[in-house]
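Engineer: Listed here are the chains, written in short residue letters.
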Amino acid sequence: MIRASIAGASGYAGGELLRLLLGHPEVDVAEITSERLAGKFAHGVHPNLRGATRLRFRQMDELSGVDVLFVCLPHGESSRRIDDFRRIAGRIVDLGADFRLRDPAAYERWYGGAHPRPELLDQFVYGIPELNREALRDADSVACAGCNATAAILALTPLAAAGIVKSAVIEVLVGSSEAGSQATAASHHPERSGAARAFKPTGHRHQGEIAEALGVENLHFSATSIEMVRGVLATCHVFADRVLEDRELWRIYRDAYAAEPYVRIVKGQSGIHRYPEPGILAGTNYCDVGFERDSDTKRVVAMSALDNLMKGAAGQAVHAFNLMFGFPETAGLEFTGLHPL
Amino acid sequence: MTECPLCDAAVEASDDPVEGELLECAECGSELEILDLDPIVLGEAPQAEEDWGE
Numbered sequence: 001m002i003r004a005s006i007a008g009a010s011g012y013a014g015g016e017l018l019r020l021l022l023g024h025p026e027v028d029v030a031e032i033t034s035e036r037l038a039g040k041f042a043h044g045v046h047p048n049l050r051g052a053t054r055l056r057f058r059q060m061d062e063l064s065g066v067d068v069l070f071v072c073l074p075h076g077e078s079s080r081r082i083d084d085f086r087r088i089a090g091r092i093v094d095l096g097a098d099f100r101l102r103d104p105a106a107y108e109r110w111y112g113g114a115h116p117r118p119e120l121l122d123q124f125v126y127g128i129p130e131l132n133r134e135a136l137r138d139a140d141s142v143a144c145a146g147c148n149a150t151a152a153i154l155a156l157t158p159l160a161a162a163g164i165v166k167s168a169v170i171e172v173l174v175g176s177s178e179a180g181s182q183a184t185a186a187s188h189h190p191e192r193s194g195a196a197r198a199f200k201p202t203g204h205r206h207q208g209e210i211a212e213a214l215g216v217e218n219l220h221f222s223a224t225s226i227e228m229v230r231g232v233l234a235t236c237h238v239f240a241d242r243v244l245e246d247r248e249l250w251r252i253y254r255d256a257y258a259a260e261p262y263v264r265i266v267k268g269q270s271g272i273h274r275y276p277e278p279g280i281l282a283g284t285n286y287c288d289v290g291f292e293r294d295s296d297t298k299r300v301v302a303m304s305a306l307d308n309l310m311k312g313a314a315g316q317a318v319h320a321f322n323l324m325f326g327f328p329e330t331a332g333l334e335f336t337g338l339h340p341l
Numbered sequence: 001m002t003e004c005p006l007c008d009a010a011v012e013a014s015d016d017p018v019e020g021e022l023l024e025c026a027e028c029g030s031e032l033e034i035l036d037l038d039p040i041v042l043g044e045a046p047q048a049e050e051d052w053g054e
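So the protein sequences, as listed, match chains A and B.
Positions 1 to 341 (our numbering) are the ones given, in order, by the first sequence.
Positions 1 to 54 (our numbering) are the ones given, in order, by the second sequence.
These are computed hints drawn from the structure, not numbers from a lab.
These figures come from a predicted structure and were not determined experimentally.
The beta-carbon is built from N, C-alpha and C at its ideal position, and this holds for glycine as well.
Be aware that a few hints might be false.
[As the list claims (entries may be wrong)] Quick list of the computed label-pair ranges, beta carbon to beta carbon:
id: 1; chain 1: A; residue 1: 338; chain 2: B; residue 2: 24; range: 23 to 29 Å
id: 2; chain 1: A; residue 1: 48; chain 2: B; residue 2: 46; range: 46 to 52 Å
id: 3; chain 1: B; residue 1: 46; chain 2: A; residue 2: 202; range: 44 to 50 Å
id: 4; chain 1: B; residue 1: 16; chain 2: A; residue 2: 258; range: 27 to 33 Å
id: 5; chain 1: B; residue 1: 24; chain 2: A; residue 2: 65; range: 52 to 58 Å
id: 6; chain 1: A; residue 1: 334; chain 2: B; residue 2: 18; range: 38 to 44 Å
id: 7; chain 1: B; residue 1: 24; chain 2: A; residue 2: 258; range: 15 to 21 Å
id: 8; chain 1: A; residue 1: 335; chain 2: B; residue 2: 31; range: 26 to 32 Å
id: 9; chain 1: B; residue 1: 45; chain 2: A; residue 2: 217; range: 40 to 46 Å
id: 10; chain 1: A; residue 1: 273; chain 2: B; residue 2: 16; range: 27 to 33 Å
id: 11; chain 1: A; residue 1: 338; chain 2: B; residue 2: 18; range: 37 to 43 Å
id: 12; chain 1: A; residue 1: 335; chain 2: B; residue 2: 41; range: 37 to 43 Å
Construct the entire structure; sequences and hints are all you get.
Structural biologist: Spelled out as structure tokens, the structure:
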């Protein structure tokens, strides 16, 4: 069994990660941390885990040696504590943003300051298995991708690889859990309930990740909060230089994803679920992708949906972990979702 | 085994296919009709437009 600990397990991503690791056939969860809740049972903040574990939160400086450390801390904490983490664990899976970008200049642009440990950036493998499967097998440090970035990247990667994406307009509709477990004025129920709110029309940090992953700079990314707890729906507009036919697009997406365990192509000709929808993906590690073309123009609309806490965070981390340790890619990630919700 | 004329996915006909038989593509969900048997030729089955949502 692999001994794993979670630094920062009281938030939503940390809670989902704990749920997944407790159910993983090859993992023994050693320790979980929360400075705020040290000494308290995990099920106090993750009530779905009552009966699944008697683990209590510890403080970060109480962590002992393990095989792998999952890090779910606020931005800036991983790079500040990375040397301590490496003394604790031979392998690190970071769900935060600190080590996602390869280019220090891109980090400075998107995060508003110089990276505190730029020499480490190229030591982390970007954690999307569909992009970096082989590198993840050999990785000792993984930086999981942002949730919105994962959705946009998986929608657009097949088109980008085919040379079709010179630029793209990306709109993501997101649920409230993206904002984390700590209350803010914007998350106050009378303010958040029923909201359809443009919270980041420009300047979203995930745009830097998307640009690096796709190798496309001319991107335009906007994020809007909607009435949803979990989920991301990405709609990406690509303006091709020629008219593309359905069958060619099918081939492009099928070539990219037919063998992937967690990317499904959803483009139905009948029924009500013709395109990706986040609702049915809650709790699963799937990213559903679809496409449509405008036959009057050269526009291709690439769509994707995922659960931001799963494929966009904890599920992606476990998928990467499975690759790192040579386990079946689907270990601990078998849940296929609920319908209806 | 033949191919969906809309998305190129593999479509399996029944053991004893007949002209006019309707099939469904498992990938794109298209309703298909067997137009010819030797070899099997599929076409998109005619259907009324349906109201499937907003």
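Engineer: Indicate, hint by hint, whether the structure satisfies it.
Structural biologist: These are the hints, each one checked on the structure:
Checked against the given bound of 23 to 29 Å, the beta carbons of residue 338 (chain A) and residue 24 (chain B), roughly 24 Å apart, stay inside it. The hinted range of 46 to 52 Å is satisfied by residue 48 (chain A) and residue 46 (chain B), whose Cβ atoms lie roughly 49 Å apart. At about 47 Å, the beta-carbon gap between residue 46 (chain B) and residue 202 (chain A) stays in the expected band of 44 to 50 Å. At about 30 Å, the beta-carbon gap between residue 16 (chain B) and residue 258 (chain A) stays in the expected band of 27 to 33 Å.
Separated by about 55 Å at the C-beta atoms, residue 24 (chain B) and residue 65 (chain A) satisfy the suggested range of 52 to 58 Å. Evaluation of the 38 to 44 Å hint for residue 334 (chain A) and residue 18 (chain B) yields a pass: the beta carbon distance comes to about 40 Å. In this structure the supplied range 15 to 21 Å holds for residue 24 (chain B) paired with residue 258 (chain A), their Cβ-Cβ distance being about 19 Å. At roughly 31 Å, the beta-carbon separation of residue 335 (chain A) and residue 31 (chain B) lies within the given 26 to 32 Å, and the hint holds.
Here the CB-CB span from residue 45 (chain B) to residue 217 (chain A) is close to 45 Å, well matched to the stated 40 to 46 Å. A hinted range of 27 to 33 Å holds for the C-beta pair residue 273 (chain A) and residue 16 (chain B), which are about 32 Å apart. Taken as a hint, the range 37 to 43 Å holds for the pair residue 338 (chain A) and residue 18 (chain B), whose Cβ atoms sit roughly 39 Å apart. Checked against the given bound of 37 to 43 Å, the beta carbons of residue 335 (chain A) and residue 41 (chain B), roughly 41 Å apart, stay inside it.
Figure legend: structure checked against the earlier numbered hints; every hint is met.
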